[in-house]
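K.L.:
Mapped onto the working numbering, the consecutive letters of the sequence shown carry residue numbers 1 to 113.
Among these hints, one or two may not hold up.
[Unchecked claim] Simulated restraints on C-beta separations:
| no. | residue 1 | residue 2 | range |
| --- | --- | --- | --- |
| 1 | L60 | P26 | 28 to 38 angstroms |
| 2 | R84 | V29 | 16 to 26 angstroms |
| 3 | L47 | R19 | 14 to 24 angstroms |
| 4 | Q50 | E107 | 11 to 21 angstroms |
| 5 | L106 | T8 | 13 to 23 angstroms |
| 6 | R100 | T62 | 26 to 36 angstroms |
| 7 | M61 | A18 | 26 to 36 angstroms |
| 8 | G73 | T36 | 30 to 40 angstroms |
| 9 | F11 | E77 | 23 to 33 angstroms |
To be clear, the hints were calculated from the coordinates, so they are not data collected in a lab. We put the beta carbon where it would ideally sit given N, CA and C, even for glycine.
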Amino acid sequence: MATEPRLTADFWVRAYLARLGLASIPAYVVCRGDPTAGAVLVKLATLDGQARLFQRSFDLMTGARNWVILSEGPEAEVDTALRRQRQHDPDLWVIEVESRDGRTLLEEEGLSG
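With the hints as constraints, model all of the structure from the sequences given.
P.N.:
So this is what it looks like as structure tokens:
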């Protein structure tokens, strides 16, 4: 059974930041993880004290990759959840996106899976 080639985490992060930049959505790397295989978390700060933390999920039944909300609510609580995740996996990448209207582009072609 052939496996689908995967992008390195570093390459995906650079491409994601470029796409956000083209859409004029501010974003930056908060924590650099393993450049090859580190998982990526995306924190969305809506600049009103609220935030959401997204994690890529793999559906074993369908093989699909989707972004799911790992935590949401007051930004301080989301930051606490983020710190816990980093304690368990120091290879995590963390990208922070700042968007009042909640745009992350994670649902777009090439980023969603």
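K.L.:
Which numbered hints are broken by the structure, listed smallest first?
P.N.:
none
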